[in-house]
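Asker: For reference, the chains in residue letters:
2 protein chains.
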Amino acid sequence: MLGNLNKYNIVLASKSPRRQELLKGIGVDFTVLTKGIDENYPARLPLIDVAPFLSLKKAKAFEEAELPENYMVITADTVVIVENEILGKPKDRNDAIRMIHMLSGKVHKVVTGVTVHTKEMTKTFSVISKVTFENLENQEVEYYVDNYRPYDKAGAYGVQEWIGYCGVCNVEGSYFNVMGLPTQKLYKVLKEF
Amino acid sequence: MLGNLNKYNIVLASKSPRRQELLKGIGVDFTVLTKGIDENYPARLPLIDVAPFLSLKKAKAFEEAELPENYMVITADTVVIVENEILGKPKDRNDAIRMIHMLSGKVHKVVTGVTVHTKEMTKTFSVISKVTFENLENQEVEYYVDNYRPYDKAGAYGVQEWIGYCGVCNVEGSYFNVMGLPTQKLYKVLKEF
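Protein chains in written order, with our numbering: chain H, 62 to 254; chain X, 62 to 254.
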């Protein structure tokens, strides 16, 4: 499948081991090459548009000269939105605990924006999933943070970890999108290149 | 967490590596001990009740003498229901291809029934998830069946494999329930023992 991609040297611009695993899972061969950007976005941007905006910004950060010949760059950004606030990566233990308490007993949105960029074409899209957490006890939140140290994760949780097994009672939409890459939609978009 | 289970020797009666991984994921220590049963069920049983019925039958198949002291037995059964038919494990390649074509472009239900059985108490419950498949092309179905050989899976697919990444556009409910064990509900039930 995706034989149409054989003409490209594919670069995934993400350090996330979860994204790397998911992209492999849909059958894409790639190398990893990342480039730091400032993750600021315009203050008036609707929260729902932040992840695709940042994925496009990550793609534009590459100069063509840095890229292999016949390149395709795939970038992604994931945000957690709860009660009209974006939760990024937690600063420290207290911040992680605060974030998970904000999610406890509520529904939140996870938006992943993805940009697929070649010399000829740039496509940006996003996928929204809705995640419902159980009411979590304080000792459960602390147990999770101290044992799983979710400091590299937006919203301070990984749905594929203990807290996803025990604390998430409902996902509506794509589970893999919550992990960090909307595999099914990405597969459809990649077919078009 | 689940320190209340320390008094039990826990037996998981399932050969499924996915169930073993999920039970480990919620932090339960267990050994695996399985017992073959005939998987017949009463013809008039509503389809939705088949999985919990079979999980209870699997638990009852154990004689107390076979079990360790202070035992807790956990059994589970997963079925796929589409258009008022239960899809079990496929008989062969053609049967697997037929099943996936039945699921293509439609919503189906996945029901996992679980029984937790100790000397003092037996609890049976089930969880339903709804899964939506994209319209799959014939070559995608054959690619999946030939590369992943889903002969040990109800409905002939594993949601955690290529076909789940590329072919499933929506899950409503528990993703882990679709994999074979409703981890969040099981965690809640185990707290009560």
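Worth double-checking, as some hints may not be accurate.
Each pair may be met inside one copy or between any two copies, as identical chains are not told apart.
Below, simulated DSSO-like cross-link-like pairs (lysine-lysine); rule was C-alpha separation at most 30 Å, straight line [to be verified]:
1) Lys180 - Lys150
2) Lys191 - Lys180
3) Lys68 - Lys167
4) Lys150 - Lys68
5) Lys68 - Lys170
6) Lys184 - Lys152
7) Lys170 - Lys191
8) Lys167 - Lys184
9) Lys191 - Lys68
10) Lys68 - Lys85
11) Lys96 - Lys167
12) Lys167 - Lys180
13) Lys152 - Lys68
14) Lys180 - Lys152
15) Lys252 - Lys96
16) Lys167 - Lys121
17) Lys180 - Lys170
18) Lys68 - Lys96
19) Lys249 - Lys68
20) Lys246 - Lys191
21) Lys249 - Lys170
Quick caveat, the hints were computed from the structure, so don't treat them as lab data.
Asker: Now, for every hint given, state plainly whether the structure supports it.
Answerer: Against the structure, the hints:
Taking identical chains as interchangeable, the C-alpha atoms of Lys180 and Lys150 are never at most 30 Å apart, the minima being 32 Å within one chain and 46 Å between chains. Taking the closest pair of Cα atoms, Lys191 and Lys180 never come within 30 Å of each other, the shortest separation being 34 Å inside a single copy and 40 Å across copies. For a Cα distance limit of 30 Å, the shortest separation of Lys68 from Lys167 qualifies neither inside one copy, at 45 Å, nor across copies, at 33 Å. In this assembly of identical chains, the alpha carbons of Lys150 and Lys68 never lie at most 30 Å apart, being 36 Å within a copy and 39 Å across copies at closest.
Taking the shortest alpha-carbon separations for Lys68 and Lys170, neither the intra-copy value of 36 Å nor the inter-copy value of 39 Å comes in at or below 30 Å. For a Cα distance limit of 30 Å, the shortest separation of Lys184 from Lys152 qualifies neither inside one copy, at 32 Å, nor across copies, at 42 Å. For the homomeric pair Lys170 and Lys191, the shortest alpha-carbon distances inside one copy (5 Å) and between copies (19 Å) are both at most 30 Å. In the homo-oligomer, the alpha carbons of Lys167 and Lys184 lie at most 30 Å apart only across protomers (28 Å), although the nearest pairing inside one protomer, at 33 Å, exceeds that limit.
Neither within a single protomer nor between protomers do Lys191 and Lys68 lie at most 30 Å apart by alpha-carbon distance, with minima of 36 Å and 38 Å respectively. Proximity of Lys68 and Lys85 under a CA criterion of 30 Å is satisfied intra-copy only: 17 Å inside one chain copy versus 42 Å between copies. For a Cα distance limit of 30 Å, the shortest separation of Lys96 from Lys167 qualifies neither inside one copy, at 35 Å, nor across copies, at 41 Å. Taking identical chains as interchangeable, the C-alpha atoms of Lys167 and Lys180 are never at most 30 Å apart, the minima being 43 Å within one chain and 37 Å between chains.
Taking the shortest Cα distances, Lys152 and Lys68 never come within 30 Å of each other, neither inside one copy (42 Å) nor across copies (39 Å). Within a single copy, Lys180 and Lys152 get their C-alpha atoms no closer than 37 Å, and across copies no closer than 47 Å, so neither meets the 30 Å cut-off. Taking the shortest Cα distances, Lys252 and Lys96 sit within 30 Å of each other inside one copy (26 Å), while across copies they are farther apart (46 Å). Proximity of Lys167 and Lys121 under a CA criterion of 30 Å is satisfied in neither setting, with 35 Å inside one chain copy and 38 Å between copies.
In this assembly of identical chains, the alpha carbons of Lys180 and Lys170 never lie at most 30 Å apart, being 33 Å within a copy and 43 Å across copies at closest. When the C-alpha separation of Lys68 and Lys96 is checked against a cutoff of 30 Å, the pair qualifies only within one copy, where the shortest distance is 24 Å, while the shortest distance between copies is 52 Å. Taking the shortest alpha-carbon separations for Lys249 and Lys68, only the intra-copy value of 17 Å comes in at or below 30 Å, while the best inter-copy value is 50 Å. Taking the shortest Cα distances, Lys246 and Lys191 sit within 30 Å of each other both inside one copy (16 Å) and across copies (19 Å).
Proximity of Lys249 and Lys170 under a CA criterion of 30 Å is satisfied in both settings, with 22 Å inside one chain copy and 24 Å between copies.
Violation of the numbered hints given earlier is confined to hints 1, 2, 3, 4, 5, 6, 9, 11, 12, 13, 14, 16 and 17; the remaining hints are satisfied by the structure.
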